[in-house]
Amino acid sequence: MPGTRKLGKTTAQRRAMLRQLVTDFLDYGKLETTVTRCKEIAPLAEKMITLGKKNTLASRRRALAFITREEVVTKVFTTTAPAYEDRNGGYTRITRIGPRRGDAAEMAMIELV
2 MPGTRKLGKT TAQRRAMLRQ LVTDFLDYGK LETTVTRCKE IAPLAEKMIT
52 LGKKNTLASR RRALAFITRE EVVTKVFTTT APAYEDRNGG YTRITRIGPR
102 RGDAAEMAMI ELV
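Quick note: the sequence shown uses our numbering, first residue 2, plus one each step.
What the hints contain is simulated information worked out from the structure, not anything from laboratory work.
No experiment lies behind these values; they were computed from the predicted model shown.
Misleading hints may appear alongside valid ones.
[Stated by the list, open to error] Using 25 Å as the maximum straight-line C-alpha spacing, the simulated DSS-like pairs for lysine-lysine come out as follows:
| id | residue 1 | residue 2 |
| --- | --- | --- |
| 1 | K10 | K55 |
| 2 | K54 | K40 |
| 3 | K31 | K54 |
| 4 | K10 | K31 |
| 5 | K54 | K10 |
| 6 | K7 | K31 |
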């Protein structure tokens with residue numbers, strides 16, 4: 002796990018939540034959630050894109066072990082990663098969008114650059 006934020010969940014719950022958030026983020030290209038979750042998602046998503054840039058059997062299997070849907074792995078390896086071939090990291094951008102109406106949690110949008 003990249004960060005030390007526990008996000009109010011046990012280890013297994015936190016890992017499952019982050020896997021699903023990264024999968025959805027890579028599928029749609031952007032995601033709206035809290036700032037702390039965005040900060041946890043960013044390094045994991047960048048690692049998956051870096052694996053896609055390597056494009057070996059081992060990197061594909063490592064991505065399949067983390068990303069929960071096979072079609073998202075295919076999308077990352079065929080379309081997303083080649084778009085960032087000349088870029089050394091920094092594939093994501095976090096933009097704060099203000100507090101959430103219900104509980105005033107600070108919200109942010111994470112998107113692919």
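Now for the hints, and whether the structure bears them out:
| no. | hint | result |
| --- | --- | --- |
| 1 | K10 with K55 | 33 Å, violated |
| 2 | K54 with K40 | 22 Å, holds |
| 3 | K31 with K54 | 20 Å, holds |
| 4 | K10 with K31 | 24 Å, holds |
| 5 | K54 with K10 | 32 Å, violated |
| 6 | K7 with K31 | 23 Å, holds |
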